[in-house]
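Engineer: Protein sequences, first through last, are from chains B and U. In terms of our numbering, the first sequence is residues 1 to 147. In terms of our numbering, the second sequence is residues 1 to 147.
The set of hints was computed from the structure by calculation and includes no laboratory data. Be aware that one or more of the hints could be misleading.
Computed Cβ-Cβ distance ranges for the label pairs, DEER-style [claimed, not checked]:
| id | chain 1 | residue 1 | chain 2 | residue 2 | range |
| --- | --- | --- | --- | --- | --- |
| 1 | U | Ala123 | B | Pro88 | 26 to 34 Å |
| 2 | B | His101 | U | Ile27 | 35 to 43 Å |
| 3 | B | Val110 | U | Ala146 | 35 to 43 Å |
| 4 | B | Ile57 | U | His98 | 42 to 50 Å |
| 5 | B | His101 | U | His98 | 12 to 20 Å |
| 6 | U | Ala127 | B | Pro88 | 51 to 59 Å |
| 7 | B | Ala10 | U | Gly108 | 36 to 44 Å |
| 8 | B | Asp11 | U | Glu132 | 52 to 60 Å |
| 9 | B | Tyr67 | U | Ala89 | 16 to 24 Å |
| 10 | B | Asp116 | U | Asp106 | 45 to 53 Å |
| 11 | U | Thr93 | B | Pro6 | 53 to 61 Å |
| 12 | U | Ala89 | B | Asn48 | 15 to 23 Å |
Bear in mind the structure is a predicted one, so any value in this text is a computation, not a measurement. We put the beta carbon where it would ideally sit given N, CA and C, even for glycine.
Spelled out from the first residue to the last, the chains are:
Protein chains: 2
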Amino acid sequence: MGNKAPMTKADKIAILEDALRERGVRITRQRQAILTVLADAADHPDANELLVRASAIDPTVSLSTVYRTLTVLEENGVVQRLSFDGVPAKFETTDAPHHDHIIDVDTGDVIEFRSDKIEKLQAEIAAELGYEIIHHRLDLYARRKAR
Amino acid sequence: MGNKAPMTKADKIAILEDALRERGVRITRQRQAILTVLADAADHPDANELLVRASAIDPTVSLSTVYRTLTVLEENGVVQRLSFDGVPAKFETTDAPHHDHIIDVDTGDVIEFRSDKIEKLQAEIAAELGYEIIHHRLDLYARRKAR
DNA sequence: AATGCACATGAGAATGATTTGCAAGAAGGC
DNA sequence: GCCTTCTTGCAAATCATTCTCATGTGCATT
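Whole structure, please, built from the sequences with the hints as guidance.
Structural biologist: In structure tokens, the structure reads:
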């Protein structure tokens, strides 16, 4: 049989689980549920939203476990925590390509963009100051130009 | 007599107070103390630190008032609130020239930097997408490099 | 300088997100 | 299957921040 079948989401999760196990993280029912929800999420859910979604898969998941699992996953580089002003922290998987945001100040629209040049400059600046970037956040608040 | 005497910090604060009064903000003893502390601060104090410093000027200042005053000052464009990951919000006056921040993920320290190259790149990217930048926010979460 | 009143204050309680202590439960190497 | 160690759920604890409310005060007006 051919072995070129495309990797399914289930495969991805299984690979992720193995990698975590490798690092000494036990794969529990609750963690599987949370991982599945994170892998499915196209948005940036907060802890509470993750609880709701994970509960649909495994009703025994508690909010404490969501938080504890997110901490573990963050420490293992699987998810990234996004802290915005005032609102609860949001989370996203780190497998999506990195991008920054332009926020349209008039409409509230959010546009994603990515610039390797900027990424490179950031790294240079940090290096000059003796730092190594873990992650960053760049938000451009802008207005549509009149034509 | 000459009228070219340089503006002292006291002058600056007086001007600020007048501007605020103009906008219907009452200048109380507590607000004066907090304004003075903010004008003096070369770093990025959080609410608690501001309380400590302002108390040295006016011992009647309370933490509630620090928070309330910061909100008022933010609404009136005098200070900017910096909400970083995990740590309490930090504040800085808006009269300083624009700069971005590096946040030390281990200590919570905040370092300012400024790069015209990055500013220019941002403008270019926004322009390409048909936008004009109003303001932006760039936070680099970084870790001190081992030497 | 005295008056009035809307706004500001201090003290502490309330809130909301996140963390933690503890006893019971389960993962995974043997 | 067993045992050790890590995880979990629950509830209580924390922490930053906001709110409540009775009292105090800036300042426009006299």
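Engineer: Work down the list of hints and note, for each, if the structure agrees.
Structural biologist: Hints, one by one, checked against the model:
1. For the pair Ala123(U) and Pro88(B), the beta carbons lie near 32 Å from each other, so the given range of 26 to 34 Å is met.
2. Checked against the hint of 35 to 43 Å, the C-beta distance between His101(B) and Ile27(U) comes to roughly 38 Å, which is consistent with it.
3. Taking 35 to 43 Å as the suggested C-beta distance range, the pair Val110(B) and Ala146(U) conforms, at roughly 37 Å.
4. In this structure the hint that Ile57(B) and His98(U) lie 42 to 50 Å apart at CB holds, the actual value being about 46 Å.
5. Taking 12 to 20 Å as the suggested C-beta distance range, the pair His101(B) and His98(U) conforms, at roughly 19 Å.
6. Distance hint for Ala127(U) and Pro88(B): a CB-CB separation of about 34 Å, inconsistent with the stated range 51 to 59 Å.
7. A hinted range of 36 to 44 Å holds for the C-beta pair Ala10(B) and Gly108(U), which are about 40 Å apart.
8. For Asp11(B) and Glu132(U), the Cβ-Cβ distance of about 45 Å falls outside the hinted range of 52 to 60 Å, so the restraint is violated.
9. Range check, Tyr67(B) to Ala89(U): about 21 Å between beta-carbon atoms, so the 16 to 24 Å window is met.
10. Distance hint for Asp116(B) and Asp106(U): a CB-CB separation of about 27 Å, inconsistent with the stated range 45 to 53 Å.
11. Distance hint check for Thr93(U) and Pro6(B): the Cβ-Cβ separation is about 55 Å, which falls inside the suggested range of 53 to 61 Å.
12. With their beta carbons about 22 Å apart, Ala89(U) and Asn48(B) fall inside the hinted range of 15 to 23 Å.
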